[in-house]
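Visitor: Take the sequences, apply the hints, and build the full model.
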Amino acid sequence: MRGKKTLAEGHSPLAQFEIKTLIPLQVGDINVSITNSSVFMIATVLAISLFLVMGMRRSALVPGRWQSMVELSYIFIANLIKDTVGSEGRPYFPFIFTVFMFVLFGNLFGMLPYTFTFTSHIVVTFTMALFVFLGVTLIAIAKHKIRFFTFFMPPGVPMYMAPILIPIEIISYLSRPISLSVRLFANMLAGHTLMKVFAGFIFALGVFGIAPWAFIVALTGLEIVIAFLQAYVFTILTCLYLNDALHLH
Amino acid sequence: MSDDPDKDILDELGNRLEGARNDHIDPSKVKNNHGLQNGNALGLAFRVGVELISAVAVGTAIGWGLDYWLDTRPWFMLVFIIVGGAAGIINVYRMASGFGYAAGYQKENSSTSSVSGIRVDEGKEDIG
Chain H
1 MRGKKTLAEG
11 HSPLAQFEIK
21 TLIPLQVGDI
31 NVSITNSSVF
41 MIATVLAISL
51 FLVMGMRRSA
61 LVPGRWQSMV
71 ELSYIFIANL
81 IKDTVGSEGR
91 PYFPFIFTVF
101 MFVLFGNLFG
111 MLPYTFTFTS
121 HIVVTFTMAL
131 FVFLGVTLIA
141 IAKHKIRFFT
151 FFMPPGVPMY
161 MAPILIPIEI
171 ISYLSRPISL
181 SVRLFANMLA
191 GHTLMKVFAG
201 FIFALGVFGI
211 APWAFIVALT
221 GLEIVIAFLQ
231 AYVFTILTCL
241 YLNDALHLH
Chain F
1 MSDDPDKDIL
11 DELGNRLEGA
21 RNDHIDPSKV
31 KNNHGLQNGN
41 ALGLAFRVGV
51 ELISAVAVGT
61 AIGWGLDYWL
71 DTRPWFMLVF
81 IIVGGAAGII
91 NVYRMASGFG
101 YAAGYQKENS
111 STSSVSGIRV
121 DEGKEDIG
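Chain order of the listed sequences is H and F.
Position one of the first sequence corresponds to residue 1 (the numbering used here), numbered consecutively onward.
Position one of the second sequence corresponds to residue 1 (the numbering used here), numbered consecutively onward.
By construction, these hints were calculated from the structure, which means they are not laboratory data.
Since this is a predicted model, take the numbers as computed values, not measurements.
Treat the hints loosely; a few may be bogus.
Stated by the list, open to error - Some chain H residues flagged as far from chain F (calculated, every beta-carbon gap over 12 Å):
| no. | residue |
| --- | --- |
| 1 | I19 |
| 2 | W66 |
| 3 | I141 |
| 4 | Y173 |
To be verified - Just some of the chain H residues that point at chain F, by a computed CB distance under 8 Å:
| no. | residue |
| --- | --- |
| 5 | H121 |
| 6 | I122 |
| 7 | V123 |
| 8 | I168 |
| 9 | S172 |
| 10 | S179 |
| 11 | V182 |
| 12 | R183 |
| 13 | V207 |
| 14 | G209 |
Stated by the list, open to error - Below, a sample of chain F positions facing chain H; criterion: calculated Cβ distance under 7 Å:
| no. | residue |
| --- | --- |
| 15 | G14 |
| 16 | N15 |
| 17 | E51 |
| 18 | S54 |
| 19 | V58 |
| 20 | I82 |
| 21 | A87 |
| 22 | I90 |
Even for Gly, the Cβ is constructed at its ideal location relative to N, Cα and C.
Guide: Below, the structure written as structure tokens:
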């Protein structure tokens, strides 16, 4: 056990995902310790606040570079909501913007050396997906009342199909938070593991280590693209679910 | 004297602006509506896999839960694995055919906003 642990700490490509307790805290029976994961979540929230507040501090009419980035991210999400949900999606802008920025900064923080990628943990992504799913379902029920349940019975389907179709539709609906969370988590986990594995080859191959080294350089670029892409996918799926909830189509 | 060249230049600029505007609007619309449909083949394959597996997993979990509750092991689980597989295939079909992730797609004319109408339209173009 002990030998295995030291091996994992030193060389395993999965050691980077290990949760380390930094400040042990216990509230009742619940473990609320400050771990490296929660430290990076706090850092992400602080970084986002800093990025937005400091970027808009001067709020010039002609924006500088920093202010342009802030405005760009705002407009990007605003257009995304306008295109996928429509004008009814306006009230949910703060939530969707928060989700996007949190996932994006979490992914990008993971690209820095010696950091911890909290989006590579299914617990984190599934909790976020579960809140999106519950929130969207509650919005749909609040807006459409009992008509929400016609969602599971497409019109024009013969009645005798209902006993088969309704369970299928319900399972299809319930599988949404899983596919939403697994997509983000698996992409981050796979990318970071792949990088560590290839980084391990560099010294093992001696002079020929230049090949995996070049690969790592390319992979780092790809990983940054994936960090943006997965944040975008998570956000657009949230928007599509919200659209379904508001329009029941 | 200098009226004519100026007018030509302004007309040309007008045309270019018009062209740029059209260029700008069309791709962005297409891109935003098809954002998920694009992407590389590996990403598509991965999404198909996730959609299939997650539905089967949910079906299995529901079946297992019902069995645990009603003490009928393993019958509900066997049934719900198959139902989950069907749900997974429906998920993949919807994803591939451009209906998005909507459960229970309805007729185009019953959609309440023009935005979702556009999405349904473009989804149909994908099939054809």
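Visitor: Determine for every hint whether it applies to the structure shown.
Guide: Here is what the structure says about each hint:
The claim that I19/H is not at the interface with chain F holds, since no C-beta of that chain comes within 12 Å of its own (minimum 24 Å). Separation of W66/H from chain F is adequate, the least Cβ-Cβ distance of about 24 Å exceeding the 12 Å criterion. Listed as a non-interface residue, I141/H keeps its Cβ farther than 12 Å from every Cβ of chain F; the least gap is roughly 14 Å. At roughly 5 Å, the least C-beta separation between Y173/H and chain F is not larger than 12 Å, which violates its mark as non-interface.
Taken as an interface hint, H121/H does not check out: its beta carbon lies about 17 Å from the nearest beta carbon of chain F, beyond 8 Å. The restraint placing I122/H at the interface with chain F is violated, with a minimum CB-CB distance near 12 Å, outside the 8 Å limit. Evaluation of the V123/H hint against chain F yields a violated restraint, the C-beta minimum of about 16 Å exceeding 8 Å. Among the interface hints, the one on I168/H holds; its C-beta lies about 5 Å from the nearest C-beta in chain F, closer than the 8 Å criterion.
A least Cβ separation of about 4 Å between S172/H and chain F falls short of the 8 Å threshold, and the interface hint therefore holds. Hint status for S179/H relative to chain F: holds, with the closest Cβ pair at about 4 Å, below 8 Å. Annotation: V182/H was flagged as interfacial toward chain F, and the flag holds, the nearest CB pair being 5 Å apart, inside 8 Å. With a least beta-carbon distance of about 6 Å to chain F, the hint placing R183/H at the interface is held under the 8 Å criterion.
Annotation: interface hint on V207/H violated; nearest CB of chain F at approximately 31 Å, more than 8 Å. A least Cβ separation of about 26 Å between G209/H and chain F goes past the 8 Å threshold, and the interface hint is therefore violated. Interface restraint check for G14/F: the shortest CB-CB distance to chain H comes to about 25 Å, outside 7 Å, so the restraint is violated. Interface hint at N15/F: violated, since its Cβ lies 27 Å from the closest Cβ of chain H, which is beyond the 7 Å cut-off.
Interface hint status for E51/F: upheld, as the beta-carbon distance to the closest one in chain H is roughly 5 Å, under 7 Å. Checking S54/F against chain H by beta carbon gives a least distance of about 4 Å; that is within 7 Å, so the hint holds. Satisfaction of the interface hint for V58/F is found here, the shortest Cβ-Cβ separation to chain H being roughly 5 Å, below the 7 Å cut-off. Contact between I82/F and chain H, as hinted, is not supported at the beta carbon level, the nearest pair being about 10 Å apart and thus beyond 7 Å.
Below 7 Å, beta-carbon pairs count as interface contacts, and A87/F has one with chain H at about 4 Å; its hint therefore holds. At its closest, the beta carbon of I90/F sits 5 Å from a beta carbon of chain H; the interface hint therefore holds under the 7 Å criterion.
Of the numbered hints listed earlier, those contradicted by the structure are 4, 5, 6, 7, 13, 14, 15, 16, 20.
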